[in-house]
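Those protein sequences? They're chains A and B, same order as listed. Mapped onto this note's numbering, the consecutive letters of the first sequence carry residue numbers 1 to 395. Mapped onto this note's numbering, the consecutive letters of the second sequence carry residue numbers 1 to 395.
Bear in mind the hints are in silico, worked out from the structure with no lab data behind them. Any given hint could be a false lead.
Pairs involving identical chains hold if they fit within one copy or between any two copies, as the list cannot separate such chains.
[What the hints assert, rightly or not] Here are the simulated DSSO-like pairs of lysine-lysine, each with C-alpha atoms no more than 30 Å apart in a straight line:
| id | residue 1 | residue 2 |
| --- | --- | --- |
| 1 | Lys128 | Lys118 |
| 2 | Lys18 | Lys281 |
| 3 | Lys237 | Lys363 |
| 4 | Lys18 | Lys350 |
Here are the chains, one letter per residue:
Number of protein chains: 2
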Amino acid sequence: MHLPLGFQFAGTHCGIKKNPQKEDFSLVVAPHGATAAGVYTQNLVFAAPVAYDRHRTPAADIRVVAVNSGNANACTGDRGMQDAREMGRLAAAAVGAAENQSLVMSTGVIGVFLPMEKVAAGASQCAKQLGSDETAFMSAARGILTTDQGTKIASRSLVLGGREVRLAGMCKGAGMIGPRMATMLGIVLTDAALAPRDAQAVLASAARQSFNCISVEGHMSTNDTVLLLASGAAQAKPLAGEDLAAFEAALTELCIELATQIPDDGEGASHLIEIEIRGTKTTDDARQIAQTVANSALVKTAIAGGDPNWGRIVSATGYAGVRFDPAGVGLVLNGHVLYESGAPVAFDAKTVSTSIKANRLTKIVLTFREGPASIRFWTSDLNVEYVRFNADYTT
Amino acid sequence: MHLPLGFQFAGTHCGIKKNPQKEDFSLVVAPHGATAAGVYTQNLVFAAPVAYDRHRTPAADIRVVAVNSGNANACTGDRGMQDAREMGRLAAAAVGAAENQSLVMSTGVIGVFLPMEKVAAGASQCAKQLGSDETAFMSAARGILTTDQGTKIASRSLVLGGREVRLAGMCKGAGMIGPRMATMLGIVLTDAALAPRDAQAVLASAARQSFNCISVEGHMSTNDTVLLLASGAAQAKPLAGEDLAAFEAALTELCIELATQIPDDGEGASHLIEIEIRGTKTTDDARQIAQTVANSALVKTAIAGGDPNWGRIVSATGYAGVRFDPAGVGLVLNGHVLYESGAPVAFDAKTVSTSIKANRLTKIVLTFREGPASIRFWTSDLNVEYVRFNADYTT
């Protein structure tokens with residue numbers, strides 16, 4: 001792992017989750033401060049921690065991010081807002097920072113008040129265990145998980161202006177995943193130096209091509225948050241010009257690597273589905289079509305069953321709300337041409353079915369004749385396991 | 001049943017479906033002609049029979065509607081259009097009508113060409129079996145089914161201008177059901193007399209409150225069609241004024257009775273879910289919110305599991321694309337208040353869970369403080385059976 005300089009990490013169990021083996025509270029600390037940027041859910045019903053962070057980013061000097069899992073502090077009214085503020089205050093106090101140098105994140109069940117004594121315990125336990133090595137990082141990465149099957153992390157390094165710069169990120173999410181953020185939390189750290197405005201711009205751009213291009217079932221969450229913290233520990237001056245562009249490219253790659261781990265770990269999923277849209281007028285058109293195909297239960301169940309029922313894919317494009325000429329549509333599934341110029345192409349159903357069943361990744365390419373825009377979008381299939389899991393989550 | 005005068009019916013097996021016990025072709029005949037109106041899918045990728053009917057309705061003198069099940073004649077390009085025209089010609093010839101007095105409907109698998117010899121056999125077999133009694137009507141109602149568990153019919157009678165007028169309808173649909181029509185077909189018959197323009201207006205209005213307020217998984221089909229045929233056999237003069245309004249009210253009620261049978265028979269469904277939205281600015285706002293809640297897999301799986309996980313319902317309203325004050329939202333589930341003025345209300349989870357499990361119908365009422373508009377919307381829950389069924393439909 002390429003761990004950025006200037007950060008410390010800890011994860012602990014403080015009792016929000018029932019299972020004592022599972023971390024449910026994490027701290028990410030920047031002892032000398034970090035530039036911070038954030039992108040958030042666009043759900044009108046957003047959680048208290050989202051409100052808390054949103055008005056505070058971008059920021060020039062953030063010292064601590066506190067995250068709890070097992071409770072989303074969402075749909076909790078005024079008391080939820082007070083609890084989010086108190087969580088920020090407790091985290092700041094635990095690491096000797098000012099209250100306005102803290103950010104908070106919560107994920108888990110909606111509509112239950114945060115158990116504040118446990119939150120206080122989590123903050124003080126974590127503060128005592130802080131470390132800057134991989135073990136500490138992994139412990140923090142576990143503390144943000146809910147129904148995830150394992151940690152979701154990525155890192156890389158690049159040389160900018162003659163100095164090595166590192167990026168490392170962690171994220172979580174497996175259900176309630178709709179594009180424009182998901183019940184996902186993400187923290188990306190770097191020891192590059194970034195001006196707050198630049199940090200916000202590169203994070204927003206990277207998120208548009210990564211975290212905003214994934215879905216599990218398309219249900220947009222109340223809590224989605226991705227934070228970028230830049231400690232500047234590897235550099236003297238903030239990035240600019242070509243170096244900033246190179247950083248943005250690396251950040252985008254890293255965010256795609258993190259984001260695709262989410263639908264790949266979609267609840268019960270047996271396939272990661274990549275939907276590539278080519279030849280639309282605009283990128284928004286491409287995203288809209290990709291998202292509509294991705295969120296069709298009929299498309300998702302077909303892939304789960306290894307069924308090359310391409311009519312479900314083509315018919316979903318038609319209700320995406322984007323104008324196009326149906327006679328110009330083509331479809332390639334795992335390299336097999338199934339539909340061309342708006343008419344079916346004869347193909348061997350067994351061969352295509354086998355190729356779906358044999359691979360974890362299913363690649364759908366839909367082509368249009370409207371313009372030069374394109375997008376890639378990732379989702380999971382829909383399995384019996386997803387339904388079993390979600391039919392009995394709170395009770 | 002209140003069967004309208006002026007119609008004949010037949011259903012037969014002609015070999016489009018494999019099972020010889022299952023009807024797959026139906027005729028509805030108006031020997032002396034009928035006024036006809038239609039409402040159709042808004043999917044850009046629409047099937048050939050939709051194109052055929054759409055340019056022909058409203059019409060003053062339709063003599064025959066031919067319907068096949070087992071093959072949707074959708075995504076079939078130019079050849080599909082030729083086949084739809086030929087199906088209309090065959091049906092008209094079989095009952096001694098002109099080609100332009102016919103309408104056609106198809107439902108079933110997408111992207112396979114219609115087997116025209118079987119279609120020809122179906123038309124001629126049906127023409128020989130035509131009857132105007134309930135047995136004949138039920139046989140036609142069976143011939144339009146695909147994955148439905150049984151026929152979906154409704155009828156009523158009312159007195160208009162001193163004469164009895166009858167309405168009877170049949171519909172089909174259980175999967176690929178999204179609002180703004182569904183993979184659903186519907187035919188509503190009446191012996192009232194209607195001018196073509198009035199027929200179109202009352203059908204469109206009734207559909208907005210019935211067939212356009214249902215979903216199973218929200219996947220908008222390529223074939224959705226509802227036709228209204230008015231023989232005028234019970235009356236001399238076309239309805240107008242108060243009589244027309246009374247007819248429209250009865251038609252709307254009948255369409256709601258037909259439409260709700262579709263999600264009630266949603267593939268694998270164990271609950272019919274009624275979502276009532278109150279207090280939005282416009283009916284379109286209400287519909288948009290209802291539809292977003294209805295199509296959330298997380299909401300549907302929660303109801304399937306008898307889980308009063310109300311956070312999923314409230315959070316879905318926030319990404320419907322409608323502006324509202326989250327602090328004004330309330331939620332009542334099966335009569336239990338769970339959320340009020342944007343904050344949770346303490347409730348006994350066991351009691352609410354039991355009420356979901358014990359009833360086929362789950363009633364969700366969401367209240368807003370934006371205006372006077374409201375809507376009712378119906379959907380099915382999402383069960384393991386739905387996934388099993390749809391993971392293996394064509395192969």
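Run through the hints listed earlier and report the numbers of any the structure violates, in increasing order.
2 and 3
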